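Colleague: Using the sequences and the accompanying hints, generate a full structural model.
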Amino acid sequence: MKQKIVIGLDVGSSNICALVGKVTQKPEVEIIGSARVSCRGLRNGIVVNIEETTRAIGQAIDEAEGTTNTPIKTVYVGIEGGHIESFNHQGAIMISRSNKEIAEEDILRVIDSARAIRLSPEREIIHTLPQGFVVDGQRGVMDPVGMEGSHLGVHVHIVTGVSTTINNLVKCINRSGLDVEDIVLSVLAAAETVVTPEEKDLGCLLIDFGGQTVDLAIFIEGALKATRALPIGSNSITKDIAHCLHVPLSEAARIKREFGYAQMKMIPDNVEINILGMDGKARQTILTSRLCEIIEPRIEEIFSFVREEMTKISRDNLIPAGGILTGGGALLRGVKEISEDILDLPMRLGMPQNVEGLSEVISSPDYATAIGLIKYAQKEEFPISDRMSVRRKGGSIIGKSFRKIKDWFEEIF
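Its first residue numbered 1, the sequence shown is counted upward by one per residue in the numbering used here.
Calculated from the structure, these hints are not laboratory results. Careful, some of the hints might be misleading.
In the DSS-like style, the derived pairs of lysine-lysine whose C-alpha atoms are separated by at most 30 angstroms in a straight line are [to be verified]: (1) K73 <-> K2; (2) K312 <-> K225; (3) K26 <-> K73; (4) K379 <-> K4; (5) K171 <-> K100; (6) K26 <-> K4; (7) K171 <-> K379; (8) K73 <-> K171; (9) K4 <-> K171; (10) K239 <-> K265; (11) K336 <-> K312; (12) K379 <-> K73; (13) K73 <-> K225; (14) K2 <-> K26; (15) K379 <-> K26.
A quick note: this is a predicted structure, and the numbers were derived from the prediction, not measured.
Modeller: In structure tokens, the structure reads:
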């Protein structure tokens, strides 16, 4: 069976995660190499130091490749941060051929018409994602190819980013000796592996709880309807602990990871915790309840922000399938329960699906974005069917557009 080795590079808030995956036509992907490297050259997912970020990317790639003995020259990259903006838009064209039958080329033309918008000079389009088509006024058409009609419209979700921010990230990757195969919105990549087609169809909320950002994606009727990035994350909790207890950030991160609870009522035993002071030697003792007194207000604030964004997006908040929590922040004990209380939604922990290989990677929501990038690469390299015949030619934008449109159809059906 034909296979290909690909790399997913998750450029997070303060670290770089690189995964090497083996992809085939099988639904499962296999993770065969991994590395996570801290990086001081990033802030909220944005490059603030070219040299440091280049170093961290190079180290992560070298470590991840180390066990595979397979040199890789291109990567699929996840992107996030406050510079990301998205909105819904629409486009329309006339079908001029005599038989009025809608062809694959018309799909590309109508999506191109939806992309023909006036952006501010510093922004560029990252994704144009179809939500549904309209044929002669008939809404809710998912696959219009082969239908007859005089007028074809499309509703899309457009994701944009600041060009210089994107270019700085690409520059760091290029300086590491790699080319960028594709750039993918991180929360969209995570959805590839933690959200089911049924959840997308019914309507669901994905929350990617990162270190410095919380990224949201709402899916309704199988399509992405809205995305948001909140400039706050689990690192805020770590800083609160460090400030209140007068301990180093590394110690704050440790006690949060080992003893932290999001809600006081979730604590099974109010045990004593020994912690190191700022000098790394002096010890103090606190109770688990004291730690939770620091954590719980910040968690409540974060999910209150999420609730406010949901209200702005849709006052109806019709999300029958509930919410999915993923990212490193989702590992905090009790975070599912407190999010259910505040959002008034059933929630579950988003674990990677249809993935094999390294157990420490595939069993953690912390790797969801990087695994999702491998899944995204699989769809690019091994399309499920050849019904839509146009293919990438030399990595052209037209070819990629048809490949992604085809994948969208296949996911819906």
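Colleague: Against this structure, judge whether each hint is valid.
Modeller: For each hint, the structure was consulted:
Among the hinted pairs, K73 with K2 is consistent with the structure: their alpha-carbon atoms are about 19 angstroms apart, no more than 30 angstroms. As the CA atoms of K312 and K225 are separated by approximately 13 angstroms, the hinted pair is consistent with the 30 angstroms bound. The hinted pair formed by K26 and K73 meets the criterion: a straight-line CA distance of about 24 angstroms does not exceed 30 angstroms. Between the alpha carbons of K379 and K4 the distance comes to roughly 12 angstroms, so the proposed pair stays at or under 30 angstroms and holds.
Using a Cα cut-off of 30 angstroms, the hinted pair K171 and K100 is violated, with the two alpha carbons roughly 46 angstroms apart. The hinted pair formed by K26 and K4 meets the criterion: a straight-line CA distance of about 12 angstroms does not exceed 30 angstroms. At roughly 26 angstroms between alpha-carbon atoms, K171 and K379 fall within 30 angstroms of each other, so this suggested pair holds. Between K73 and K171 the CA atoms are separated by roughly 14 angstroms; this keeps the pair inside 30 angstroms, and the hint holds.
The straight-line distance between the Cα atoms of K4 and K171 is roughly 25 angstroms, inside the 30 angstroms bound, and the hint therefore holds. At most 30 angstroms may separate the alpha-carbon atoms for a hinted pair to count; K239 and K265 meet this at roughly 23 angstroms. Simply put, K336 and K312 have alpha-carbon atoms about 22 angstroms apart, close enough for the 30 angstroms limit, and the pair holds. Pair hint K379 plus K73 holds up; C-alpha atoms about 19 angstroms apart against a cutoff of 30 angstroms.
Taken as a hint, the K73 and K225 pair is broken in the structure, with Cα atoms around 34 angstroms apart against an allowance of 30 angstroms. Our distance criterion of 30 angstroms between C-alpha atoms is met by K2 and K26, whose separation comes to about 10 angstroms. At roughly 11 angstroms between alpha-carbon atoms, K379 and K26 fall within 30 angstroms of each other, so this suggested pair holds.
This entry does not satisfy hints 5, 13, going by the numbered hints stated previously.
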